[in-house]
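Peer 1: Per UniProt numbering, residue 1 is the first one in the sequence shown, and the count goes up by one each step.
Please note: incorrect hints may appear among the correct ones.
[Unchecked claim] In silico lysine to aspartate or glutamate, DMTMM-like type, Cα no more than 25 Å apart, as pairs:
#1 Lys18 - Asp53
#2 Lys18 - Asp129
#3 Lys18 - Glu39
#4 Lys18 - Glu162
#5 Lys18 - Asp87
[Unchecked claim] Pair by pair, the computed Cβ-Cβ distance ranges are:
#6 Gly94 - Ala56: 38 to 48 Å
#7 Thr177 - Pro147: 16 to 26 Å
#8 Val75 - Val178: 29 to 39 Å
#9 Pro139 - Asp85: 35 to 45 Å
#10 Ala9 - Thr177: 32 to 42 Å
#11 Gly166 - Pro55: 22 to 32 Å
#12 Pro55 - Arg83: 40 to 50 Å
#13 Asp77 - Thr177: 30 to 40 Å
#14 Asp85 - Pro147: 18 to 28 Å
#15 Arg83 - Ala56: 21 to 31 Å
#16 Gly57 - Asp85: 34 to 44 Å
If you are wondering where the hints come from, they were derived from the structure by calculation, not from laboratory data. Quick reminder that beta carbons are idealized off the backbone N, C-alpha and C, glycines included.
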Amino acid sequence: MRVRAATLADVPAVLEIKAALPLRAGSSGGFLLGSSLTEYARLVAAGRVRVLDSPAGVQGFSVTLDDAWLRAAGVLDTLAGARLDVDAGALLSGQRLALVDQLAVRPGARAHAGGLALATLELALRGHDLIGAATVLRPVPNRAMLPFLGAAGFVPVGTLAETYQGVAITSELHLLTVGAYQAARARPPLSRYLARAAGAGDVPSGPAAPAVLS
1 MRVRAATLAD
11 VPAVLEIKAA
21 LPLRAGSSGG
31 FLLGSSLTEY
41 ARLVAAGRVR
51 VLDSPAGVQG
61 FSVTLDDAWL
71 RAAGVLDTLA
81 GARLDVDAGA
91 LLSGQRLALV
101 DQLAVRPGAR
111 AHAGGLALAT
121 LELALRGHDL
131 IGAATVLRPV
141 PNRAMLPFLG
151 AAGFVPVGTL
161 AETYQGVAIT
171 SELHLLTVGA
181 YQAARARPPL
191 SRYLARAAGA
201 GDVPSGPAAP
211 AVLS
């Protein structure tokens, strides 16, 4: 498998993967908020979507949002309603923040999720000082990515309660600094993710792809 920049032709597969995610309580995989076909098309055009590709088709995808997108969409304003263990104003002052907004793989491709996640982090780090990520606590706990987030150097910084399409959702917020990620790359367990991803062929390709695992 390989990680590459998504094209508009990949959007139907992205929507299919998202639609198949579990929504029931007790699931360990969680679910993704947003996005419509139109919104995914916008993100693809902006170069913010990566897909995990195989001869059988797209097996996974990720979405990152850059600092300019977050500010234009008012996403950073939602931090005002978050219960944070850090001073958000001081933390973000003069800092450029990127967000890992979505990441999902088909059940049969879970062994390759680490390669996709690494490529996604490398993309998000371009031109940014901090990377944010959120994992849903309620109503569907999303525990699938917690081991990777810990290995990559993310630390939990608080929780956010919001309502999406009539559903009350509580998410745990995680933050990663460039320095923490660079340090994590050199030690286990992240180095094992790197080795497995390289051995599995989960390498980015194409001129717009991040230079990870090279």
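Peer 1: All hints are to be evaluated individually against the structure, with a verdict given for each.
Peer 2: We went through each hint and held it up to the structure:
For the proposed pair Lys18 and Asp53, the alpha carbon gap of about 16 Å is at most 25 Å, so the pair holds. Proximity of Lys18 to Asp129 is assessed by CA-CA distance (about 29 Å); at most 25 Å being required, the pair is judged violated. Simply put, Lys18 and Glu39 have alpha-carbon atoms about 14 Å apart, close enough for the 25 Å limit, and the pair holds. At most 25 Å may separate the alpha-carbon atoms for a hinted pair to count; Lys18 and Glu162 meet this at roughly 20 Å.
This hinted pair does not check out: Lys18 and Asp87 have alpha carbons roughly 33 Å apart, beyond 25 Å. As the Cβ distance of Gly94 to Ala56 is approximately 45 Å, the hint placing it in 38 to 48 Å holds. Between Thr177 and Pro147 the C-beta distance comes to about 19 Å, which sits within the given range of 16 to 26 Å. About 20 Å separates the C-beta atoms of Val75 and Val178, a value inconsistent with the hinted range of 29 to 39 Å.
For Pro139 and Asp85, the hinted distance range of 35 to 45 Å is not satisfied, since their beta carbons lie about 23 Å from each other. For the pair Ala9 and Thr177, the beta carbons lie near 36 Å from each other, so the given range of 32 to 42 Å is met. The hinted range of 22 to 32 Å is not satisfied by Gly166 and Pro55, whose Cβ atoms lie roughly 40 Å apart. Look at Pro55 against Arg83: about 46 Å separates their beta carbons, and that is inside 40 to 50 Å.
Between Asp77 and Thr177 the C-beta distance comes to about 22 Å, which lies outside the given range of 30 to 40 Å. The hinted window of 18 to 28 Å between Asp85 and Pro147 holds, with their beta carbons roughly 21 Å apart. Checked against the hint of 21 to 31 Å, the pair Arg83 and Ala56 fails, with Cβ atoms roughly 43 Å apart. The given range of 34 to 44 Å is respected by Gly57 and Asp85, whose C-beta atoms sit roughly 41 Å from each other.
Checked against the numbered hints above, the structure violates hints 2, 5, 8, 9, 11, 13, 15; every other hint is satisfied.
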